[in-house]
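Place chain B on chain A using the hints.
Number of protein chains: 2
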Amino acid sequence: MQMKTLLLKKEEVSRLIRMKEVIGTVEEAYKAFNSDQVVQPDYIGIDLHPPRGDIDFKLGYYKGNEIISMKASSGGFPNNPTTYGVPSGMGTILLFDARTCALICVMDGSLITGLRTGACGAVSVKALARKNAKRITSIGTGNQARMQIRAINEIMKIEAIHAWDHTSESLSRYKADIEREFGIPVVMANSKKEAVEQADILITTTRGKGELVEAEWIKPGTHIVAIGTDAKGKQELDPEIFRNAKVVVDSITQCSEKGETQHPLSKNIMSKDGIHAEIGEVLLGEKPGRESDEEITIFDSTGMAIQDNTTATKIYRNAIENKIGTFFEFFE
Amino acid sequence: MQMKTLLLKKEEVSRLIRMKEVIGTVEEAYKAFNSDQVVQPDYIGIDLHPPRGDIDFKLGYYKGNEIISMKASSGGFPNNPTTYGVPSGMGTILLFDARTCALICVMDGSLITGLRTGACGAVSVKALARKNAKRITSIGTGNQARMQIRAINEIMKIEAIHAWDHTSESLSRYKADIEREFGIPVVMANSKKEAVEQADILITTTRGKGELVEAEWIKPGTHIVAIGTDAKGKQELDPEIFRNAKVVVDSITQCSEKGETQHPLSKNIMSKDGIHAEIGEVLLGEKPGRESDEEITIFDSTGMAIQDNTTATKIYRNAIENKIGTFFEFFE
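So the sequence lines, in the order shown, correspond to chains A and B. FYI, in this note's numbering the residues of the first sequence are 1 to 332. FYI, in this note's numbering the residues of the second sequence are 1 to 332.
FYI, nobody ran anything at the bench for these hints, they're computed from the structure. Take the hints with a grain of salt, since some may be wrong.
Identical chains share a label here; the pair holds if one copy fits it or two copies do between them.
Cut-off 30 Å, straight-line C-alpha distance, at most; resulting in silico cross-link-like pairs (DSS-like, lysine-lysine) [unchecked claim]:
#1 K258 <-> K63
#2 K314 <-> K10
#3 K193 <-> K234
#4 K314 <-> K9
#5 K323 <-> K10
#6 K4 <-> K314
#7 K9 <-> K323
The structure displayed is predicted, hence computed values, not measured ones.
Just chain A, with the same shape it has in the complex:
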């Protein structure tokens, strides 16, 4: 008996997937999640003592593709580069054929979280932003802020980006990079308020260390993509924003505990019943998306294992099709 496992390096993974495809795999994941096609156990992890970070293991089974994925991802090891010569966060994805549980692929997993998180904003923009939205405001200018633009740029014409960050160096680098890579003009805002007031689409991608955006700054018709809050205690938005907004989440269970939605719930600004939909329901046509140009819509994303599953599966299939990667026989 023999089993061939495909090994894919980081550089191969990066060549094997385009952002346009990731937008498709994330849409597929959201729809699958709301079609009773997904098994996602609670993730398990180990927290190490500072200055070390943590490592998580996220498991997802998608009946539609008969693939079980397991992503190990670590982060928060600031001394890794200098002391050990490895990145501060790394990732590995295993894919199993769910018909047999044979290990069909081991791939570097350090790019996928960024890609599938980037794509989720674009998926929400298609479903929830105004059709005439042109201006994006970016609170946060790190790697994930760029990913959001990379993805949204695939699905709409961005006229201008108003950006803000705590540090002006990061803001300047973001402006230079975005203008060079996408040719979209970036306005460096003098204040968060100034930036937010310009938004048709507001994206928050900070570390979630507290309220950054006040409710009165948000103009009618804005679509908000809330990315940075993915753990209990993190926060980016004034919870009052939720009071009169249409709230869409990736997973009600996850967002109630770990997403931006935890705050309006715990402050009784809204109840769980006040969550309009999981985004898969909107994509499946089971619940409406945006219904007027005046609505404020919020998409709260915490990230789901099934997004890793569909995205890694696409990478695997592209690799097989293009004969990229190295086969290894763990047993013969």
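Using the frame of chain A, we list chain B on its own:
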């Protein structure tokens, strides 16, 4: 930045570890577990629809070796060999350097569960059996029954084995294999009672489908190694055996729920306080092992992630030392 990950095939794994070493790694694991050196989150898994089985992911961090292990193991896919040409159960182990969370090794994991489970009986025999024990009784004659003998044969002289199984074909094969491999005479018992009455050491390795061993058959001084029960509802022993026995477990938490110990607890034959020790406490000298030749001792083993950790780490180190395996760079 560069990371070299060692890949080890099943055949290499089998060459890289001897049972004598596994007895050492399992002892190390038990001691570590009772020395506040271990983090073992609850395992996660996915149950597929019959005729498919399940896949589990078990995570363990051992501070003593600074290794995090993750074992994926599947089982119960009867159609795999004929329909898909792969075994009915498979396994993969990832090892991470806990200082950085870099992936240092991916090895086939289909042999390790059998090896470390085999070794646990021998570890318990050293700690709990009579020093003059000579005769073993084996209820069950499958792969794990052989593993138990392979391990115990490393630490004592076995004079004879009395064996019993539901099917006489399995029993005959066991006799032939054990006599050829170890030169130990095997008596094929006509009944369970006949076999059990001969035991200095009684080992049960069946699928745990119900009570097989009655309390009155057990003679004073017997050491019982209870292997087969590792899930809620499984059972091999009359729970009355526990009433006057010295009960030692691998993990009180696990054995109370999933081990043979679940039954005397649920029948109020004993309370959790009646569990004498976790075996690590005995090995560390914190609690006594056997204290007389008349005691009946029971070792209830459910299996812990930390046993996979110490055993796989030994295999990894042996591979590095002997320059066996294939390095793969998941990123450069």
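Comparing the hints with the structure gives:
| no. | hint | result |
| --- | --- | --- |
| 1 | K258 <-> K63 | both (26 Å within a copy, 29 Å between copies) |
| 2 | K314 <-> K10 | both (15 Å within a copy, 28 Å between copies) |
| 3 | K193 <-> K234 | within (21 Å within a copy, 63 Å between copies) |
| 4 | K314 <-> K9 | both (15 Å within a copy, 26 Å between copies) |
| 5 | K323 <-> K10 | both (16 Å within a copy, 25 Å between copies) |
| 6 | K4 <-> K314 | both (18 Å within a copy, 25 Å between copies) |
| 7 | K9 <-> K323 | both (14 Å within a copy, 23 Å between copies) |
In terms of the numbered hints stated before, the structure departs from none.
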